[in-house]
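Chemist: All chains, full assembly: derive it from the sequences and hints.
Just so you know, the sequences run in chain order A and B. Note that the first sequence covers residues 1 to 488 in the UniProt record's numbering. Note that the second sequence covers residues 1 to 171 in the UniProt record's numbering.
Hints were generated in silico from the structure; no laboratory data involved. Because the structure is a prediction, the values reported are computed rather than measured. Beta carbons: idealized from backbone N, C-alpha and C, even for Gly.
In silico contact screen, one side only, chain B against chain A (beta carbon under 7 Å); selected entries:
| # | residue |
| --- | --- |
| 1 | D51 |
| 2 | V128 |
| 3 | F129 |
Away from chain A, derived, C-beta distances all over 12 Å, residues of chain B:
| # | residue |
| --- | --- |
| 4 | P17 |
| 5 | G42 |
| 6 | L147 |
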Amino acid sequence: MANHRPWPRRAVDAGQWSALVASLAAGERTLLGLWGDADCVHMALLGEKGRDVAVASFSCAQGCFPSVAARHPPAMRFERAIHDLFGYEPIDAPDERPWLDHGRWPVRAPLGDRQPPAPEPPPYPFLTSVGEGLHQIPVGPVHAGIIEPGHFRFTANGETVVRLEERLGYVHKGIEGLMTGAPIARAAKLAGRCSGDSTVAYAIAFARAVEAALAVEIPERAVWLRALMAELERVANHLGDIGAICNDAAFALMLAHCSALREKVLRASAACFGHRLMMDAVVPGGVAVDLDARAPHILRSLVGRIRAVFPRLVELYDNTASLQDRTVATGRLDSALAQKFGCGGFVGRASGRSFDARRDLAYPPYDRLEFEVPVLAEGDVNARVWVRIREVEQSLRLIEQILVRLPAGEVMAATGEGSGEGIALVEGFRGDILAWVRLGGGLVERCHLRDPSWLQWPVLEAAIEGNIVADFPLCNKSFNCSYSGHDL
Amino acid sequence: MRRILFDSLLKGPLTEPAPSGDDPELLALGRELKTALDAWFGGSLAIRMVDAGSCNGCELEIHALNNPFYDLERFGLKFVASPRHADMLLVTGPVTRNMREALERTFDATPSPKWVVAAGDCARDGGVFAGSYAVAGGVGVVVPVDLHIPGCPPTPLQLVKGLLALTGKAR
Chain A
1 MANHRPWPRR
11 AVDAGQWSAL
21 VASLAAGERT
31 LLGLWGDADC
41 VHMALLGEKG
51 RDVAVASFSC
61 AQGCFPSVAA
71 RHPPAMRFER
81 AIHDLFGYEP
91 IDAPDERPWL
101 DHGRWPVRAP
111 LGDRQPPAPE
121 PPPYPFLTSV
131 GEGLHQIPVG
141 PVHAGIIEPG
151 HFRFTANGET
161 VVRLEERLGY
171 VHKGIEGLMT
181 GAPIARAAKL
191 AGRCSGDSTV
201 AYAIAFARAV
211 EAALAVEIPE
221 RAVWLRALMA
231 ELERVANHLG
241 DIGAICNDAA
251 FALMLAHCSA
261 LREKVLRASA
271 ACFGHRLMMD
281 AVVPGGVAVD
291 LDARAPHILR
301 SLVGRIRAVF
311 PRLVELYDNT
321 ASLQDRTVAT
331 GRLDSALAQK
341 FGCGGFVGRA
351 SGRSFDARRD
361 LAYPPYDRLE
371 FEVPVLAEGD
381 VNARVWVRIR
391 EVEQSLRLIE
401 QILVRLPAGE
411 VMAATGEGSG
421 EGIALVEGFR
431 GDILAWVRLG
441 GGLVERCHLR
451 DPSWLQWPVL
461 EAAIEGNIVA
471 DFPLCNKSFN
481 CSYSGHDL
Chain B
1 MRRILFDSLL
11 KGPLTEPAPS
21 GDDPELLALG
31 RELKTALDAW
41 FGGSLAIRMV
51 DAGSCNGCEL
61 EIHALNNPFY
71 DLERFGLKFV
81 ASPRHADMLL
91 VTGPVTRNMR
101 EALERTFDAT
111 PSPKWVVAAG
121 DCARDGGVFA
131 GSYAVAGGVG
141 VVVPVDLHIP
151 GCPPTPLQLV
161 KGLLALTGKA
171 R
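Modeler: Dropping the structure here:
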């Protein structure tokens with residue numbers, strides 16, 4: 001396909017499609033995303049070495065495509081979402097239940113042929129578990145804390161979870177529908193609001209996809225400022241989550257100290273970039289805000305402050321037996337499963353999957369920065385906490401390097417009103433975010449954003465098995481999958 | 001742990017003074033509602049937070065209300081786990097069609113007298129998500145709203161100001 005950058009997109013026939021599915025099933029490639037478009041479905045794949053990306057497109061002129069999930073389960077929820085949004089039928093799909101469509105929209109297949117809705121919301125049969133003494137615990141969509149909505153159906157034998165089934169889609173806002181036909185600036189605003197905690201990473205992913213599509217080079221200073229914001233976002237989220245995980249194990253002291261540190265990061269971000277979460281600071285073409293003269297000083301003293309306090313908190317985490325008792329060996333994610341699902345971020349890296357888009361795809365400026373990607377093999381809550389601790393340390397190193405090497409100059413380039421297709425894979429704090437756009441005359445014809453959670457939510461169902469119900473908050477928080485990013 | 005606790009004792013609290021309630025709009029609202037609050041709730045308020053479709057940005061800032069800098073509980077405001085324990089619903093997000101029923105049921109489960117505060121720009125009219133097939137609209141479309149706190153997301157300070165206006169405690 002001409003005009004698809006930076007990686008190729010090819011139209012494939014049924015034979016080639018099934019060969020690709022076979023290579024996914026054999027573990028030779030990793031599924032990055034599967035999404036619908038006018039008259040076709042696209043599948044993004046990561047090569048064996050984790051450094052090459054390709055997109056395969058299969059024509060859906062007949063309204064159907066051969067199911068990927070039939071042989072490669074990670075595709076299951078993608079296919080259910082494609083069916084809900086576009087109406088395409090995955091042939092031989094193992095699960096035909098709807099996913100995002102709860103029967104409440106005024107239209108079916110809103111991005112496809114727009115059918116009238118069913119008169120009644122259809123029933124949603126949960127999977128069954130049969131055995132003596134089993135009982136079900138339904139939780140949500142409104143949870144007991146300050147968190148996003150989703151439904152969990154536990155089947156328990158006494159205190160032990162034998163099955164967890166998630167039902168998501170409650171926060172589906174139709175973002176891809178809103179983006180269709182929107183000007184680039186409006187679409188960028190929407191992209192930054194897919195998942196509030198990853199607003200910088202989403203904005204970078206969307207901007208990079210747009211810039212690839214239009215073959216726009218952005219100023220060097222903007223490249224570095226984007227990385228600076230991305231690392232601040234990563235530090236803030238990791239600090240907040242490390243505290244929250246400990247709080248779920250009834251160790252509130254860690255939450256108090258970590259949330260105070262997180263607050264300091266957010267205040268520094270607001271002082272430097274004008275917004276605590278740095279929303280709308282990254283835009284296609286560059287960045288919307290430039291650092292002023294006092295910003296480097298603010299950020300250096302922030303890094304110094306975290307360096308002074310954080311090691312003592314890490315020591316506290318490491319030396320508190322009551323905390324370790326809850327986190328070690330809890331919610332173990334098998335490394336083979338993490339590999340198969342292509343789990344990104346700390347979820348994958350705590351289970352031995354060494355992939356980091358910053359290092360492996362080496363997008364700028366990370367190709368010129370020094371950092372390590374921490375990997376552990378245990379796959380339990382404790383390992384996910386430790387990977388996050390190490391990532392905080394690496395991000396502080398990165399922030400310092402960026403401050404030293406930040407070039408002077410412009411921060412915005414004109415994007416123009418061209419046409420083309422672009423794709424980007426950007427490392428957010430949670431893992432790799434995929435953005436794909438097709439532009440026509442300055443408008444977004446189609447945009448797809450894939451949150452890392454799509455590939456992490458399903459393995460949480462597996463990781464919780466055999467744990468006690470009371471450890472679910474701990475496991476769930478250690479994954480911290482996004483609801484809004486997933487539901488879109 | 002001993003060292004950290006000892007250090008914290010010496011350093012004193014991080015908590016910052018309450019924001020001034022100099023915003024005339026909020027002051028007026030505060031005066032109007034203070035009488036009701038004192039009469040009905042004895043000066044304290046239990047909040048049940050409901051995400052009806054937000055991007056999670058508002059939740060992050062609402063979380064921050066509990067950090068040592070803002071420490072909302074010192075004003076008599078606390079977050080509770082069940083709508084049955086709540087005096088007030090704090091609702092974020094454009095209400096998605098998939099969440100509409102859950103929000104209605106949470107509202108119905110909250111005993112009267114009750115207030116609803118909508119937090120964030122989306123909660124007013126759907127914000128950037130208005131017009132989507134999947135969005136019902138602002139919170140007011142589904143349940144009656146008493147106060148709206150603007151912002152995308154509202155900062156913790158804006159939230160504290162808004163909530164204090166509601167309880168009439170802003171100085």
